[in-house]
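Residue-level listing of the chains:
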Amino acid sequence: MTTPAARPPERAAQEGPAAPSASPGRGPLLLGVRHHGPGSARGVLAALDAAGPRAVLIEGPPEADALAALAGDPAMRPPVALLAHAVDDPGRAAFWPLAAFSPEWGALRWAALHDVPVRFIDLPAAHSLALADEPDGPDGPLAVDGEGHEGPKGHDSQEGHGEPAEPNDRRGEDGESAQGAEDAEGLRVDPIAALARAAGYDDPERWWEDAVEHRGSGADPFAPFEAVGEAMTALRERYGDGGRRHDLVREAHMRGRLRAARKEFGDFADGGGVAVVCGAWHVPALLAKTTATADRALLKGLPKVKAELTWVPWTHRRLARRSGYGAGIDSPGWYGHLFEAPDRPVERWMTKVAGLLRDEDRTVSSAHVIEAVRLAHGLAAMRGRPLAGLTETIDAVRAVMCDGSDVPLSLISDRLIVGEALGEVPESAPAVPLQRDLARQQRTLRLKPEALERELDLDLRKDTDGARSTLLHRLRLLGIGWGEPAAGRANAGTFRETWRLRWEPELSVRVAEAGIWGTTVLGAATARAEAAAASATALADVTVLAEQCLLAALPEALPVVMRALAERAALDADVAHLAQALPALARSLRYGDVRGTDTAALGEVARALTERICVGLPPACTGLDTDGAEAMRGHLDAVHAAIALLRPAGDEPDDGLPGRWAAVLTRLAERDSVPGVIRGRAARLLLDEGRLADGDAARLMGLALSPGTPPQDAAAWIEGFVGGTSGGGMLLVHDERLLALVDGWLSGVPAAAFTDVLPLLRRTFSAYEPGVRRTLGERVRRGPATGAAAPEGTSVAGFAAGQDPERADAMVPLVALLLGRVPAGRVPQSPGPATAASATTTVAVAAAAAPALAGAPGARTPQEDP
Amino acid sequence: MTVSHALPETTAKPATEVLRPHAEDAFAAELAALAAQDDRPRPERWRLSPRAVSTYLLGGTLPDGTVISPKYVGPRRIVEVAVTTLATDRALLLLGVPGTAKTWVSEHLAAAVSGDSTLLVQGTAGTPEEAIRYGWNYAQLLAHGPSRGALVPSPVMRAMSEGLTARVEELTRIPADVQDSLITILSEKTLPVPELGEEIQAVPGFNVIATANDRDRGVNDLSSALRRRFNTVVLPLPATPEAEVEIVSRRVDQIGRSLGLPVETDGMSEIHRVVTVFRELRDGVTTDGRTKLKSPSGTLSTAEAISVVTNGLALATHFGDGMLRPADVAAGILGAVVRDPAADRVIWQEYVETVVRERDGWKDFYRACREVTV
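Those protein sequence lines, which keep their order, are chains A and B. Here the first sequence is numbered in this note's numbering, starting from 1 and rising by one per residue. Here the second sequence is numbered in this note's numbering, starting from 1 and rising by one per residue.
I should point out that these hints are in silico values taken from the structure, not numbers from a laboratory. Keep in mind that a hint or two might mislead.
Stated by the list, open to error - The list that follows gives simulated cross-link-like pairs (lysine to any residue, SDA-like), each with its CA atoms no further than 25 Å apart: (1) B:K363 x A:A540; (2) A:K289 x A:E308; (3) B:K292 x A:K352; (4) B:K294 x A:A538; (5) B:K294 x A:I370; (6) B:K189 x A:A540; (7) B:K294 x A:K352; (8) B:K363 x A:R660; (9) B:K294 x A:L758; (10) B:K294 x A:A540; (11) B:K294 x A:D414; (12) B:K189 x A:I370; (13) B:K294 x A:K304; (14) A:K352 x B:R229.
Unchecked claim - Computed list of chain B residues with no C-beta within reach of chain A, every gap over 12 Å: (15) P153; (16) K189; (17) T232; (18) I255; (19) T286.
Unchecked claim - From the structure, some residues in chain A lie toward chain B, with a derived Cβ separation under 7 Å: (20) D88; (21) I370; (22) G378; (23) L379; (24) A399; (25) V400; (26) D403; (27) V407; (28) G481; (29) L571; (30) E604; (31) R607; (32) R612; (33) G748; (34) V749; (35) P750.
For every residue, glycine included, the Cβ atom is placed at its ideal position computed from N, Cα and C.
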């Protein structure tokens, strides 16, 4: 051992006998750290190098001892996390995330490199997972570990791993962990805050940064740890356990493990020596003079579950506090930088920032970098800090490089301050709990993974089939493409699904990858959906996601997705996008109905979306070229169909949506600047809805086909009005007035223009069924005489002069049957007015039947809305 | 405009004859107290240390109990960055929409740093180069030829030679070629006088504070060469609705009195509503934070809210029943929001239909909005 090796014993001597059996001068090397502190990490490495212990003890679950060697595996790349979960309940889990700049990771790596054994000394996960389930009795010593394993609370719920700050939550200032509030009784002491107050800082975080993390390594690698240890000793003398009584149990266990390690590896004086890397808070406790028997007594009778541990990849984003996974650090990217930068961290950081901004096409010169560095140093001096910290650099970047704007700053925050680092775990790591959970569900649902492709028909009304469908949808969300939905034979019903299943070997890898999202299929799919909602850029993506959430039964993810949806919809200025999003939403609402999910929120969003479309559509329909108009007409149809589905549920009063929509259609139909195809389509939709007064359709058509209109535009109007597969041919067959108008217009088209409109007309009429075409031809051949004979009379060929109430009444039961309901009953839910009325042959009948179907959709009166 | 964050000048000496004394005169006592107790290092020719300057702006209590009144209410960070910028001999550019106290802050910074806030160049579309460099006394020039005696120095030139802080107001209104004459001054810290074959070199302590309006596009945008010489600090709009309502009602009260409009207190709810609408559209999100909105192209600054309310008050007084009603402000709000007839109108309608209609107690307002919109 070199000279510094003599130091640890001295420390121990200063702070009293380290352990009962050891004589002064033989204690272990205690390295009290702040978790995820880059300065601490550097300090630990320096101290380990200097002391050269025979074994390294780390605060963490002892079950992970066997996994420690994996840290040396070249395929292992931080950030990673130790994951502990209950074998019989993967939802109960806890994570110990480690980043490259975590002192524990540094110690693990150091041990692997020097071939030194690692022992984890914290309370076993078997106990901590079990403890988390117990109500924390105020008088027991076993209350929930505020700093540690609160994770395992909710079964199968995201909180299971969402919440736990875990032992790694900067235990240097243990009390920091937000879960502190959990601990009902007792004041929680934040040791770092206490020290910071003593030093005159109001922000404990900043004090620690200034006092420890930003200090360059001095000549003596042990000095900082001695100082921190002394400070903590003083604090614990004053505050005792700081309101965390469960810590006593953990510390008792740590002492026990430390005793065993010292027996095994000896002390520095004997040429052996152990080093302990633990939260600074625990250092005094490890030095405390207690007997092994007393410690064992404390540990007696702890509840236990069968726990398994493995490594899982982690991300910087998840280390950041705001992600909800709460490792408790705001700026993993910045810490990573501090740890990696060999010198001049601020200068290097500014260069990184400049590089990022340049990549985003902002002009940032070297002069900017120089000035930003100067300003950061100036600010640090003015604020009395030893080194420019993150706040100073952010302020400087904002003022110098970003013209005072926060917009590029958010980019910097996202890419650099948090960072995008993604960890990797070697394949030899044990299986993730997600895999187990999947296997369990596969067993209960009798759905075996088979390499051979097969089709699976599911009847969602049956429980098992419903659960199977849910599982497959969840897996799809997680990118595990075991089953793909196939267009089945009975695809007409919403309660049927057909899947094509095939288990590829690579799917196991996908499962392992998906383990990052959670420990159960439900939890992982929820987390995945929430993340996808947050990062989705296009509105339509979010609506599809919402649909998937419903299909996959992820009620917890739905609010997040809905919020994202509402935000995207509010900010999306393109009506086309909104129109694209609406149908999926309307569909989701119907699925929700089928599956009995609560879709109130969804309906709200859908209605808000419709409002926005109603406001934005008319302006968006002007000044379009042919292709644009054609696309917009498709949107018009889709929105119309969707609005028919968006009927207010139950007893809610009609919220006027259909009325407002009709008003929009009327405006479109009447406005000259709107392309013909859209005007025609709007007129047609109004006609089908029964919102056009008698003769209005003919009036609109007359206007559109009047001689002043360019033939191209008129042809487009015809295409919009009767084109496509919307049954327009039948309309013409049955309304001779309209046919006569078309016929008259067509005869009046000048020869020169005729060839121009011919392709469009051909497209319109060739889509009709042969029978319809023949009938139309016959009607036209019979000549305009019929049409001209009674242009304004109510008598239409094929119909009587007036309605025959008796004959109409006779049709009522049949219509009611078609609508799927008993006569005189209540309004049907799903077959909207469009379905009922758009079959043009039934228009007259439906109109006649309307009184009998009081309250039926067809009988709605047009809204008085403008 | 110094509406939003400016506080009444509590320690102003009424004894002076002028309508509005300079900051260094009005707050002379505070500055003297700060200087007396300032033990931190001061940059050359600075009256106070940077720390003391920020205390002067943000307010505080000195060790001897002297209370320094806050001149600017807003994030501490902003003031610290501004002061440090001046200490690092970079020029400072204060950006913000009208009514964010840019001029106010620049005046007080100059007063605290140099003890002199009068070296001011007011930027207009007609600001000539002479206002930034130097001019000539033509009588002298004709009589004696080019000489130092015939030279009329600009405020910037004086600041350079005496090591003081010069202020340039509304920098973006100054024509681009005139703006560019600042580049040499800021980077080389020198001002050549070719007519005399000499130059004025800046002495330590010289610096420039410029203010500009960042919402009025299409004036004279800064060239990137000039922009690079400045550190930019954006002064934000009032952070909380309460603060903004307070500012608006105080100003409305003042203006109303000067216009002879009876000010009645029941208008508060209407003021609150105007501020809410402005803030929501400006921030692009409703106050409950649940619904996102599109933002219109107008600034919707506090100053505009004040004029909407004043206008509504005049309507109510002369044509209404003397009470500020929703209908009185609706038209004004519409005018402030819809600047671009196409895009803004859609945004406004969306807002009315999705937010205003749903809100409890806003029925009257909704009706008034529908009336003026359609």
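Agreement of hint V749 of chain A with chain B interface, Cβ distance less than 7 Å
At about 35 Å, which exceeds the 7 Å cut-off, the nearest Cβ of chain B leaves the hint on V749 of chain A violated.
Less than 7 Å between beta-carbons is the criterion; does L379 of chain A satisfy it with respect to chain B?
Where the cut-off is 7 Å and the nearest Cβ of chain B is about 5 Å from L379 of chain A, the hint holds.
Report holds or violated for the interface hint on D88 of chain A, using the least CB-CB distance to chain B and a cut-off of 7 Å.
40 Å, violated
Do the alpha carbons of K294 of chain B and I370 of chain A lie within 25 Å of each other, as the hint requires?
Answer violated: K294 of chain B to I370 of chain A is near 38 Å, above 25 Å.
When you look at the beta carbon of I255 of chain B, is every beta carbon of chain A farther off than 12 Å?
30 Å, holds
Does A399 of chain A hold up as a contact with chain B if the rule is Cβ-Cβ below 7 Å?
At about 4 Å, which falls below the 7 Å cut-off, the nearest Cβ of chain B leaves the hint on A399 of chain A intact, so it holds.
Status of T286 of chain B, Cβ more than 12 Å from any chain A Cβ:
The claim is violated: T286 of chain B sits with its nearest Cβ about 10 Å from chain A, within 12 Å.
25 Å limit on alpha-carbon distance, applied to hinted pair K294 of chain B and K304 of chain A:
55 Å, violated
Under the criterion of a CB-CB separation shorter than 7 Å, is I370 of chain A in contact with chain B as hinted?
Violated. Min distance 10 Å.
Would the pair K363 of chain B and R660 of chain A pass a check requiring their Cα atoms to be no farther apart than 25 Å?
19 Å, holds
Can G378 of chain A be said to touch chain B, with a Cβ gap under 7 Å?
4 Å, holds
Supplied contact hint for R607 of chain A, tested at 7 Å Cβ to chain B
9 Å, violated
Checked against the numbered hints listed earlier, the structure breaks hints 1, 2, 3, 5, 6, 7, 9, 13, 17, 19, 20, 21, 27, 28, 30, 31, 33, 34 and 35; every other hint is satisfied.
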